[in-house]
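Starting from the given sequences, assemble the full structure and let the hints guide the process.
In the order they appear, the protein sequences are chains A and B.
Residue 255 in the numbering used here sits at position 255 of the first sequence; the count goes up by one each step and never skips.
When you read off a place in the second sequence, starting at 1, and then add 1000, the result is the number in the numbering used here.
Read the hints as simulated data drawn from the structure, not as lab findings.
Note that CB positions come from ideal geometry on N, CA and C, so glycine has one too.
Hints are not guaranteed to be accurate.
Chain A is faced by these chain B residues, among others (derived, beta-carbon under 10 Å) [said to hold, decoys possible]: (1) Q1084; (2) H1150; (3) L1156; (4) L1296.
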Amino acid sequence: MMGLSLSRMMAVLTKEFTQLVRDRLTYAMIIGIPIVQLLLFGYAINTDPKHLPTAVLVQDQGQFSRSILGSLQNSEYFRIVHVARSPAEMDKLIERGAVQFAITIPGDFTRRVVRRDKPQILVEADASDPAATGSAVAALSSLPIEGLKHDLKGPLASAAPGPQPFEVVIQRRYNPENITSYNIVPGLVATILTMTLVMMTSLAMTRETERGTMETLLSTPLRPIEVMVGKLTPFVVVGIIQAALIISMARILFGVPMAGGWAALILGLFLFIVGSLALGFLVSTVARNQLQAMQMSFFYFLPSILLSGFLFPFRGMPEWAQWLGTILPVTHMLRVVRGAMLKGVGLAEAAPSLGALALFVVIVAGLAVKQYRTTLD
Amino acid sequence: MTLAIDVEGLSKSFGTFKAVDNISLQIEQGHITGFLGPNGSGKTTSLRMLCGLLTPDTGHGQVLGLEFPREAEAIKRQTGYMTQRFSLYEDLTIEENLTFIARVYRLAHVQDSVDQTLERLGLTKRRKQLAGQLSGGWKQRLALAAAVMHDPKLLLLDEPTAGVDPQARRDFWDRIHGLADEGMTVLVSTHYMDEAERCHEIAYIFNGHLIARGTADQVIAESRLVTFEAEGPRADRLARELAARPGVEMAAPFGEALHVSGTDRAALEAAIQSYRREPYRWTEVQPTLEDVFINLMRVHAPAEVKAA
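Shown next, in the form of structure tokens:
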């Protein structure tokens, strides 16, 4: 096997840059894909998400706490997935994104209801995705009455007539003002990168096949890996410039906070860029012409926007759609970028998403290399 | 005599379609061999297999002293290939295309090689022009220049002169002969008979089979075709009439004259006997390559094609 040549790689890279600078893309719209996408998303998207994972910390053993928990479940907005033992555990769960809500019922709750002392229930909501929490938070205000109606009878009935026998204190965490752009703008990093990288790579490769220049490439001593590196590197640069631009704009124009998760963000972006390029390369090994490459890219791009949690709450989707969303790297990139910017998560907390991105890179790059043909066979 | 190409049993199928069927080729170093045959006969597939663009199903031998097809990569580096369709980058300039090729082949002095090539092509002043804006003839000259930039020992040309004007074709062939004189082995596919006659040797391929080999004169002689030419006012009108007669395998008008051919001299002479009268003048002529090839196609055509 011949050694790889850096100068050959550079030859492809230079050529690719020159072409990239000169190329004007024209986009073709197809009928079939919008129909499929419409059917798919029409059923999948839900702006009123229910059964949101919730952790509870019950420090009170009284009957009223149990009633409150019961009515939380009955409201269908909350699904209690964790019963925590300490406030620290609650913090951890919400920071990891394992739950959307953390509800604390203080130790003296039942006693204070009886004493008409207006006790408080603390509801902490992960508001980095406001759409996911909005309806549930709204439902909370009517909960207490529903929950306690049955209990406040007989001698306790006198506690009932008041508008609220106790208070619900809602703390929106990570995005306290509920600013939607805090959610959307960081998400744009992931979607714009997907759009650019997958489509442009797949087009750049299939263009060679379509114009017959692939025949020239294959008849030269160029090795497949040299072609790949040479062709993909310009797009890595494109990806980095875009990411830097979007993040700067998010900070400057939209005032999105940077809570400090730089390590996770940079590693996530790197994995995501490489993964998207590999996917574009894989598409180009299957597509016979640019139109097909475009169709495939779009077919990938729309679910990436709609099923990833970019526009619509991930947890609002039915389980099968969440399962589909989990396959998409954009979903994981969104979690990394939002976690890093809004929550300041470190590498450890972001590990599941980073791991998923790494897995995607390995699988897709492996498939792309396997699919790439070094002959016209 | 050194053989640049010596391969046997070359075959390639696409699905159930046998594009090339058990072809053997021996080509002497420094010779120009014309690859002829109708469209879809397997010329392009054969060329692509020789330069490593397609993997043969069967076939082995030596190309440039290297084992074929095992050392396809090494063969590739010493082979220049010019595709049927212009396959340089139309959105790059002439100079950028040549620079790309020079770098991909890791030539020692990239800029010098590019400058020399531009100079020889007479394109120095147009070096900044996009390759896509060139006319057919210039594209072809550029493609040839790119294919020989790395000084290959073997040059494979796939219908290089299709759609090119006569002057450009003449120049092109002069250049090919110049390269062959320097020792380059050339295999060129073409549809033009005058080009076939400019080759040292020709190979005729039909339906994936190699059915004739040799110099133009040898191929004509081996066909054992006898041809008579009739001249006279509108002799060409006899074509239909004569073609139906036994012993006449082909009757083709050539302007106002008529060529009548067959492989059985006695039968042919009998067939034209009744037309040997005024105003027609009959002479025996040497069959042209075209006569021979059309006859070869007819003889080797599958039964159902003949019936039709």
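Cross-check of the supplied hints:
1. Interface restraint check for Q1084 (chain B): the shortest CB-CB distance to chain A comes to about 9 Å, inside 10 Å, so the restraint holds.
2. A hinted interface residue such as H1150 (chain B) counts as satisfied when its beta carbon comes closer than 10 Å to some beta carbon of chain A; here the least separation is about 9 Å, so the hint holds.
3. Among the interface hints, the one on L1156 (chain B) holds; its C-beta lies about 9 Å from the nearest C-beta in chain A, closer than the 10 Å criterion.
4. Annotation: interface hint on L1296 (chain B) violated; nearest CB of chain A at approximately 29 Å, more than 10 Å.
In the structure shown, a violation is registered for the earlier hint numbered 4 alone.
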